[in-house]
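Undergrad: Given next are the chains, with one letter for each unit.
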Amino acid sequence: MYNAMELMICVASRLLEDGATVGVGTGAPCAAAMLAQKTHAPGLLVAFEAGGLAPMLPAMPISVGDSRTTHRALMATSMCDIMEACQRGVMDYAFLGGAQIDAYGNLNSTVIGDYKEPRVRFPGSGGANDFASFCWRTLIITQHDRRRFVEEVDFLTTPGFLTGPGAREAAGLPSGGGPYRVITDLAVMSFDEDTCRMQVESLHPGETFEEVQRNTGFELGQVANVAETVPPSEEELCILRDEVDPDGLIIGR
Amino acid sequence: MYNAMELMICVASRLLEDGATVGVGTGAPCAAAMLAQKTHAPGLLVAFEAGGLAPMLPAMPISVGDSRTTHRALMATSMCDIMEACQRGVMDYAFLGGAQIDAYGNLNSTVIGDYKEPRVRFPGSGGANDFASFCWRTLIITQHDRRRFVEEVDFLTTPGFLTGPGAREAAGLPSGGGPYRVITDLAVMSFDEDTCRMQVESLHPGETFEEVQRNTGFELGQVANVAETVPPSEEELCILRDEVDPDGLIIGR
Amino acid sequence: MTSSENTGRGPLFTDPDPDVARAFFREKKGALTDKLMSVPDAVARFVHDGDYLASGGFGGNRIATALLHEVVRQERTDLGFAGHTTTHDFQILAAGTRTGKLIFSRLDAAYILGLEARGLSAQARRLMESGEVEVCEWTNYALACRFRAAATGVPFVPVRSMLGTDTFRESAAKKIACPFTGKSLTVVPALYPDVALIHVHESDLFGNCRIRGITVADWDLSRASKRVIVSAERIVSTDEIRSDPNATAIPAFCVDAVCHVPYGSYPGNMAGEYFSDEVHLKAWLDAEQDVAAYRVFLDKYLYGVDCFESYLEICGGEERLAELRRLENN
Amino acid sequence: MTSSENTGRGPLFTDPDPDVARAFFREKKGALTDKLMSVPDAVARFVHDGDYLASGGFGGNRIATALLHEVVRQERTDLGFAGHTTTHDFQILAAGTRTGKLIFSRLDAAYILGLEARGLSAQARRLMESGEVEVCEWTNYALACRFRAAATGVPFVPVRSMLGTDTFRESAAKKIACPFTGKSLTVVPALYPDVALIHVHESDLFGNCRIRGITVADWDLSRASKRVIVSAERIVSTDEIRSDPNATAIPAFCVDAVCHVPYGSYPGNMAGEYFSDEVHLKAWLDAEQDVAAYRVFLDKYLYGVDCFESYLEICGGEERLAELRRLENN
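Protein chains in written order, with my numbering: chain E, 1 to 253; chain A, 1 to 253; chain G, 1 to 330; chain D, 1 to 330.
No wet-lab data here; the hints were simulated from the structure.
Backbone N, C-alpha and C define an ideal beta-carbon position, used for all residues, glycine too.
Check each hint, because a few of them may be wrong.
Unchecked claim - Chain A is nowhere near these chain G residues, computed Cβ spacing over 10 Å in every case: (1) D19; (2) R22; (3) F25; (4) K29; (5) D51; (6) R118; (7) L120; (8) E129; (9) E134; (10) N208; (11) I241; (12) D299; (13) E323.
Stated by the list, open to error - Label-pair restraints from in silico Cβ distances: (14) E/S233 to G/E278: 29 to 39 Å; (15) G/D286 to A/G43: 34 to 44 Å; (16) D/L327 to G/Q74: 28 to 38 Å; (17) E/R241 to D/I235: 38 to 48 Å; (18) D/T99 to A/G43: 51 to 61 Å; (19) E/K116 to G/E318: 26 to 36 Å; (20) E/R119 to G/E134: 38 to 48 Å; (21) A/P58 to D/H48: 22 to 32 Å; (22) G/E313 to E/K116: 39 to 49 Å.
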């Protein structure tokens, strides 16, 4: 058996191929990258926006800037050096989350309600807008419910495909980027090449498209042959529980 | 007794007050800065454009980037870090030279003749244009003859006062900068506040204004009371010869 | 594109004019003078009501906690603040003064009120939802680039983020066409803080500083700021600084005050020295949930404390600090 | 201002479009693979006729002499070249190939053909006065900023130099009004070299590099360049690199080839290792005065040499190198 977080981490880790570069934050993204390194992608290059490059993580970092992110790292550098590698086109993947997401993968992590008189204030972009603008493929890990998956985000903090095909390039964003996969506790979504709208790629074991649609505030597409998400293997679970997150900081939540 | 180079170095060194910051190159400028540090300005901060900041120079550097420029330095950094301190307004003085200079202190170190078909090609700006654009006061050390002091430079490599009052600011250069003194083997020149044209400030012992004008290809002004340049003191000469340039690399030429 | 689409509508709190900054930096001399002073003296001399303040490090790592506490205790108000990768530093200032006044009322926000994986600060959230703080939105990189523009001595730099988003709309950035490629670019204005608080591993008396681990944006921040107060784990000799010129991160001419504060980043992490005190950080977050409990907490740990050394003492003193050292160096 | 006053009339040799560069960098993968190879192999694989080439260091200090000699011996032609603080490196390439062909025919010139206090290179001067090389003018800082723009991934950066001068007129820079202050600024286009040759103190097999002393523009150059060949005084283990992450200046993902070349900067200076060989540099300058003598010199020291180790040998070998080490470490 496994829980939803373990499933999400395992699914995310499989997307990271050996030799790729990935910008990660704390929590599930970091766990996914560590798991990938310990399974199929030993040469995965992990970067932290605060300046840590390719550490040998001794334990799960608590902050993207804490000293674990430079433990036996290849380099301890600056935020600009890391972000500019991303802006230059070096970074394949970045992991993001958010309070709201729409059908084009646009994310809100700034406010719920009106910007000038917010009902709820969140941290803002942080490095999310930068990562999503610069990295080739944005991966989003989030819980799946109608409060998060909305027709229109209250505030567009971080760009997905904006208003649809060609909109990123028209706005001036680097060409060829955008959201790649959304990994939730229910399913894995990708984006339709023609419409740039979110579509179900695979359903987690036991889930149905209808159930996923019910938890989504906008109309979801689906690929021609929706697969069942391959569940975590015994090996993945062992490594995740014993080596990646032995204290259960992420998977124990 | 002293030679012209010794006089020029001593005069230059006196212009550098204690606590000031100065960007120097190799040769006479470096000797002037070292002499200032060993006499009246122990707190003079010396920077080299290649990245050396405040070294304890063990000997005269041969290159502005050689390792002597970082010998027991406060910092070994990058060209941009030094140049940006200048651009930010941190650097009081910079020393320059050139193949040609005009009445407004504009310098040519690029070509003699037409740019497209030069009779003589020189190194180009190097850091000179940057220093003269950024530093508050440009000091120029050069030999004095009609070949160098010309009505119009063949190529304006490095800005003096350009075409006169207000021209630097109109071009977009930082306000308040410009050439401050020209130190030659004949005299010390400053620039008229109203016209921005070169004027004799002091004549070296034995020189006359007429002699200086004869060696100058444009009409020179003179300040109300042209002084006689104070010759090198015994102390200055001793330190210059024994401590600053014991091998006579600069003063022995 | 209409003009309004090309200009964020957020407020610009500081003057990006490099000539104004140059006039200031010209007077800030390069001489190596002894700048060692106490934390209260440094804050009294160099942080003024109405100033625009920035803090170094990364939120809960290598932050100038002692200096931040002192700003609160000396009841500075009406500050502008750079919310660049802020976490616990933001949380400290969000407490307000003992008499209930706001410490900052103008905020450039890139990352605020969260403590990363630890959760959100209830007090910081109350403050930001009160509407009393004027806000301008940025991203972490864009705000870092604002420091870089200032450090570089130019009025702006171009970046390729923020485009197409509400983050741009609520910023004070502009959008221009690249003169070489015709592509749209965001340009962000130089940010010259009046004063920066930066904690470092080592400094000499003059302010030549060394930093271990990530430098975040502090290379640029130290150069961009009109005044810089440094707190240092250790004061070293200038001979020591000169023995390894490659290790210097901040040259003395950027620095106005040097304070000797061992454990100065506590309860934050200090690379190679001590790990963060997650117990204390959690206690702070928890206390914020209840306004009355929070007041008691602040009286005990902030307002009622006479100096940073006392704060360390009531947080567990040498025993706790030794634990955090062990945790870091395991 | 007329349009012509706002645009330098010099040629732009490389494409400043960051999206073109991004497509290249995307394919340049981050995996840690063994990149150790011989100097001839590295030059054969990564330097092609027609490429735009840049060299690291500062003219006669920490230059990649061994790689530069190999470029000459392998008779690369029609190169573009970044004349950024060049001195002896420029002089080597200015020799041309053994058969008399030009090595570079397009040149961004900031500092060329001088060897600082040592004088001017007669050969470099002949070449530049021949009219056979297409030239664009820059300043040292402006050209460094072109590398920085590329390293940053933006098509330009603003600077406040070059304004009002013929240097601007003969450059490919442009002049724009600052969108925030209205002030005139120079904007310089990103320069993405096809290949950079950089000599460093230490590298591991993957190309994680350390540099002692000044970094000049190499931090940016290594990131801006599509391909990077590194020569290193010493090959160290990746464990050693990981033991001090603050010391890394160039990360492996920037690097394509690593060559182990002790004394690789000779006759240039290498900070902390060996001083420049002023006798040999003077001999080179002197030989250039007479075309016949120069040809003999080149046959002996460059064209007719089978490898860099042989060059070191005929320049005095271990005895001379030991002297230069003593001179540096006195």
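Undergrad: Confirm or reject the statement that G/D51 sits farther than 10 Å, beta carbon to beta carbon, from all of chain A.
TA: The claim stands: G/D51 keeps its Cβ more than 10 Å from every Cβ of chain A (closest is about 19 Å).
Undergrad: Taking 28 to 38 Å as the hint, is the beta-carbon distance of D/L327 and G/Q74 inside that range?
TA: Between D/L327 and G/Q74, where Cβ atoms are some 55 Å apart, the hint is violated.
Undergrad: So the hint says 29 to 39 Å: do the beta-carbon atoms of E/S233 and G/E278 match that?
TA: Holds - the Cβ-Cβ distance for E/S233 and G/E278, about 32 Å, lies within 29 to 39 Å.
Undergrad: Are all C-beta atoms of chain A more than 10 Å from that of G/I241?
TA: For G/I241, whose nearest Cβ neighbour in chain A is about 6 Å away, the distance does not exceed 10 Å, so it is violated.
Undergrad: Hey, is G/E129 genuinely clear of chain A, shortest beta carbon separation above 10 Å?
TA: 38 Å, holds
Undergrad: For G/D19, is the shortest CB-to-CB distance to chain A above 10 Å, so the non-interface label stands?
TA: Given that some Cβ of chain A is not farther than 10 Å from that of G/D19, nearest at about 5 Å, it is violated.
Undergrad: At 10 Å, judged by beta carbons, does G/R22 keep clear of chain A as stated?
TA: 3 Å, violated
Undergrad: Confirm or reject: G/E323 is not an interface residue toward chain A, with every Cβ-Cβ distance exceeding 10 Å.
TA: 35 Å, holds
Undergrad: If we take the beta carbon of G/F25, is the closest beta carbon in chain A still more than 10 Å away?
TA: 4 Å, violated
Undergrad: Determine whether the Cβ-Cβ distance between E/K116 and G/E318 falls within the hinted range of 26 to 36 Å.
TA: 49 Å, violated
Undergrad: Look at the Cβ atoms of D/T99 and A/G43 and judge whether their distance stays inside 51 to 61 Å.
TA: 57 Å, holds
Undergrad: Does G/D299 really sit off the interface, with its C-beta more than 10 Å from all C-beta atoms of chain A?
TA: 43 Å, holds
Consistency note: the structure conflicts with the earlier hints numbered 1, 2, 3, 4, 10, 11, 15, 16, 19, 20, 21.
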